[in-house]
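Respectively, the protein sequence lines represent chains A and B. Residues in the first sequence are numbered consecutively from 1, following my numbering. Residues in the second sequence are numbered consecutively from 1001, following my numbering.
None of these hints come from the bench; they were simulated from the model. Do not rely on the hints blindly, as some may be mistaken.
Unchecked claim - Residues of chain A placed beyond 12 Å of chain B at every Cβ, according to the derived structure:
(1) I59
(2) I65
(3) L76
Stated by the list, open to error - Incomplete in silico selection of chain B near chain A, CB under 8 Å:
(4) M1024
(5) V1028
(6) V1035
(7) V1040
(8) A1041
(9) K1044
(10) F1057
(11) V1058
(12) V1074
(13) A1075
As the structure is a computational prediction, the values presented were derived from the model and not from experiment. Glycine included, every Cβ here is placed at the ideal spot set by N, Cα and C.
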Amino acid sequence: MMETIVFVISAAMVLGGGLGVVLRSHPVHAALSMVLALFGVAVMFVSQEAHFLAAVQVIVYAGAIVVLFLFVIMLLGVDAADNLRIEPIKVQRPLAAIAGIGIVGLVSAAIIAARDDLRVRGAGLQIPSETGDGDANIKQLSENLFRDHIVAFEVTSVLLVVAVVGTVLLARRPGKGGAARQRGEQIEEPVAP
Amino acid sequence: MLVAAVLFGIGAVGVMVRRNPLIMFMCVELMLNAVNLTFVALSKRLGDINGQTTVFFVLVVAAAEVVVGLGIIVAILRRRPGATADDISVLKG
């Protein structure tokens, strides 16, 4: 009973947030709707005994990524609401609606059709509320991560370093006499306060 | 899992409909979250911790992807303010 209530509330959070991201015309509102959706997903993680992932979800997504989005919105000053009435391409919205309904329908049908095949196959999860060990999920996840997937874990660290370096190169503002200026391209100078 | 499917659909429609590159990016994040939700649900259902490990990696890759994507968006919008995704078609040679 309790599970059902939690599920319904978090599902409403997720879907409402998702619709908010798509339908709100103001980018800041869309970002805040995304926080709602991400928190709903985190609640679902908790209710499915994935405690570590729920914590990581809140920290990484709702913390870091949304703050990054808001920073970019603020930095670029694109906080003017864009008009949703204007349709740049005429047939785009009906096609997108058809494609979206089709995707949802196909995936839902696949889930419903495969429901009977979903039986426990793995070694079994250690669920904290059953084993009485509050850290059981974290222990099992870390053993799996650092024993079976250690190479992938190291590769992700390389990926992060590459991403950071690449972003610094991309977003760097060329200084005076920089390469872009020598090519005669126009660069907007920041307005001095 | 049906919630995850619907969330994925919302994200996909958002990418197709919205023209603001930032919001398209948020919709991609929503799709990634839908997949994460499915992974965790299946991990619980099948009793297999590998699903949760996969979600961990998806989170890391999503973080890296957001950083790079926002860097690109900042670079584009600095060059031409108010650009939408349609304007990037000038990239074609």
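Taking the hints in turn, this is what the structure says about them:
no.: 1; hint: I59; result: 10 Å, violated
no.: 2; hint: I65; result: 5 Å, violated
no.: 3; hint: L76; result: 5 Å, violated
no.: 4; hint: M1024; result: 10 Å, violated
no.: 5; hint: V1028; result: 11 Å, violated
no.: 6; hint: V1035; result: 11 Å, violated
no.: 7; hint: V1040; result: 5 Å, holds
no.: 8; hint: A1041; result: 6 Å, holds
no.: 9; hint: K1044; result: 5 Å, holds
no.: 10; hint: F1057; result: 6 Å, holds
no.: 11; hint: V1058; result: 10 Å, violated
no.: 12; hint: V1074; result: 5 Å, holds
no.: 13; hint: A1075; result: 5 Å, holds
Comparing the model with each earlier hint shows violations of hints 1, 2, 3, 4, 5, 6, 11; every other hint is respected.
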